[in-house]
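Chemist: Sequences listed follow chains A and B, in order.
Okay, so the first sequence: first residue is 1 according to the working numbering, each after it adds one.
Okay, so the second sequence: first residue is 1001 according to the working numbering, each after it adds one.
These are calculated hints, taken from the structure and not from any lab test.
All residues carry an ideal CB built from backbone N, CA and C; glycine is no exception.
A hint or two may mislead.
Quick partial rundown of chain B residues pointing at chain A, CB under 7 Å, derived from the structure [said to hold, decoys possible]:
hint: 1; residue: L1024
hint: 2; residue: A1031
hint: 3; residue: S1095
hint: 4; residue: I1118
hint: 5; residue: T1122
Every beta carbon over 10 Å from chain A, so not counted as near; a handful from chain B, in silico [unchecked claim]:
hint: 6; residue: D1045
hint: 7; residue: A1046
hint: 8; residue: E1048
hint: 9; residue: L1051
hint: 10; residue: S1054
hint: 11; residue: R1056
hint: 12; residue: G1069
hint: 13; residue: L1073
hint: 14; residue: R1077
hint: 15; residue: H1087
hint: 16; residue: Y1113
hint: 17; residue: W1126
hint: 18; residue: A1129
hint: 19; residue: F1130
The chain contents come next:
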Amino acid sequence: MREHAEKRTGRSRRLSDQQTAEALDQTEARLEAVLAWTDTGVSTTDADGRVVQSNPALRAMLGYNEEELQGMSFTDFTHPEDLGVEHALFAELMAGKRDQYHLEKRYIRKGGEILWGRLTVALVDATAGERRLMVAMVEDMTQQMRADEILRAEEQFQKVLMQLSILANATLDMDVMLRQICDAATGAFGMSGVCIFLLDGSAGLTLAASTLPNVALGSAVPVAADALATVRSIQQRRPLYNNQIPADIPDEVGALMARAGVRSVLAAPIFIGDTVQGALALVSDESNRFTDADLSDARQVAQVIGGALRNAQLYRQEQTVAERLRQMEQQRTGFLRIMAHELRTPLGHIIGFTDLVSAEASLLSERSQRYLAHAQAAAATLQALMQRSFDLVALYGEEHVAQRDQMLLTSVVETALETYRERILGKRLELRYVPPIHQVATRGQPEQVRQVIEILLDNAIKFAPAGGMVEIEVTRVDGEFAIAIWDSGPAVPADMADHIFVGQAEDALTRHHGGAGLSLLMARRIAELHGGQLTLEPVERGARFVLTLPADA
Amino acid sequence: VPGAKKHAEVGMAYAILVVEDNPLNLELARAVLERDGHEVLEAHDATECMLILSQRRPDLILMDIQLPGKDGLQLTRELRDREATRHLLIVAMTSYAMVGDERRALEAGCDGYLTKPIQTRTLAGWAAAFVEGHRPTLIETAGHTVHREQAS
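Here chain A stands alone, though its shape is the one from the complex (with noise of 0.2 Å):
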């Protein structure tokens, strides 16, 4: 560059006066400091693109020294793919069509390695014909390329995260979910495959889902020497890879990966909450394939599975306590069943050979005729019991009434009140019977709709003191009828109306004894079974409940 500027000067020298030769000796001096400092990278190239001078920076960037760098055409590094249009703008600028041109383009430095450069080129001397000279200058780009594409590649690593995302809550069948991740994961990341291990009892590792071929699922993996360290790692939580796995591994494991053509792996563990499950393992055909920056991906990936391992679980446990809950109900049922049918026989004989004995009653004193009346009826009282239990069973059993015929609302409820009419009398309650306004038809079981009803003012009967009052009220109300039967005994309290038809209520309340419970349970489970509901209203004075039938039933 000196030795060019000394020869520019003694052509100046003879072309100018002294003055003009001075001061452009002093603007030469400057722009040669300038050169030297700057970070751009400067060079004048003739015009086979060959390069005449260089400065510092160039030659920092393109990592050649001054000797090395003259006489080197463009072509000599730049990066191939880049080539062809520079090719065509240098061509242009040589034909006299532009100027001077602009380009982002790579170059090879040296080393081979990559360096992005935004180029632009100037004619210097247009007129001076073969002997022009070009100037080129070059803005090193590399960091701001390599932030921008780590910035893409972040961007498009969320979005493949999010489609993972996505995948995981799909479904709650757990194989179905790890097989989807697998597969997409393999697609978005370019492995060779990826696999799925969850630790097992015995803390070594299954495979749960694989996208690599030849590989049987379920098979717990044999711990080789290299994968018992990959899983101690895995049990301390670190993600780790290895770029140069072996293609002689002496086990199962280096088997599989010989046949999958396995170079480099990375394995993340999978939590849920504080506790390892497993891991996720990318595999890749290619050695080097990983870095760092993978583990933290990776990582997050691992986090997305561990999320919707823990929902599977959840929704597993759920049902399986469901399925228990269901099992335990059939037990239950049918505990009672043949505990029922055992009590039969034993309570038939009692109940027959009592009434054998009272055939014959005058042969008997008195008082043991007494004594014979008070077992029949406790035999009797006892039956009863066990038919309603027998009837609940039954109930239970159903989904939903069997047979629906079409009912008038009012005159089951009229039927049942004319039986209780003479109790009602007997125990000077008042009546209150309010019925609709509009027809009430739906469709049911009268029979056992019209056993709810007198159920509920059995009760209402038998809880309303001496001269109080017993309350019915039909109404429609959104399609639905509601029965509504009140009486003015004691309230129930709040706290108990839960536990009122579950027959516990018994014990917490003097308002009711007698099998009430089981009454009010059958009550209730037919109204189920009608598609309504039975529940207790609160209300300050006395007990109401409130039968609901579906209008359209």
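Please arrange chain B on chain A, whose structure you already have, making use of the hints.
Modeler: Frame of chain A; chain B shown alone:
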């Protein structure tokens, strides 16, 4: 027959075979039926039943369907398959708890069923009425297919 006079006032006395393994049930049935003047034949299982039927032809069989060994349904089927016993009147004694027993009893060829436990006040009268209800049909058609349909 001891005690036959009581029933004789209102109706006929019949020979009734009770096939039942529970001795108390058997005793109860015997007491109730004999009180009304019926003759009671007892069998505790299928073998005893066949033995009695080789000598007697009862007007009615009350058949417990839960017998040890060969059960009452199987026994009924075999009786229906034999010419000698095909036309016998058989009533199954079923348990309330066993859903579908009634249907199975009729399918096996029983003419009717009653639910245990034995109703001491009504059993004897019911049995007599059942026999009388089927007698005309038996005479007229001499085929049990018809009275089986009537029974069900």
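Chemist: Hints first: check each against the structure and report whether it holds.
Modeler: Quick rundown of the hints versus the structure:
{"no.": "1", "hint": "L1024", "in the structure": "5 Å, holds"}
{"no.": "2", "hint": "A1031", "in the structure": "5 Å, holds"}
{"no.": "3", "hint": "S1095", "in the structure": "6 Å, holds"}
{"no.": "4", "hint": "I1118", "in the structure": "6 Å, holds"}
{"no.": "5", "hint": "T1122", "in the structure": "11 Å, violated"}
{"no.": "6", "hint": "D1045", "in the structure": "18 Å, holds"}
{"no.": "7", "hint": "A1046", "in the structure": "20 Å, holds"}
{"no.": "8", "hint": "E1048", "in the structure": "21 Å, holds"}
{"no.": "9", "hint": "L1051", "in the structure": "26 Å, holds"}
{"no.": "10", "hint": "S1054", "in the structure": "30 Å, holds"}
{"no.": "11", "hint": "R1056", "in the structure": "26 Å, holds"}
{"no.": "12", "hint": "G1069", "in the structure": "19 Å, holds"}
{"no.": "13", "hint": "L1073", "in the structure": "18 Å, holds"}
{"no.": "14", "hint": "R1077", "in the structure": "24 Å, holds"}
{"no.": "15", "hint": "H1087", "in the structure": "31 Å, holds"}
{"no.": "16", "hint": "Y1113", "in the structure": "16 Å, holds"}
{"no.": "17", "hint": "W1126", "in the structure": "14 Å, holds"}
{"no.": "18", "hint": "A1129", "in the structure": "20 Å, holds"}
{"no.": "19", "hint": "F1130", "in the structure": "19 Å, holds"}
In summary, the one numbered hint that this structure violates is 5.
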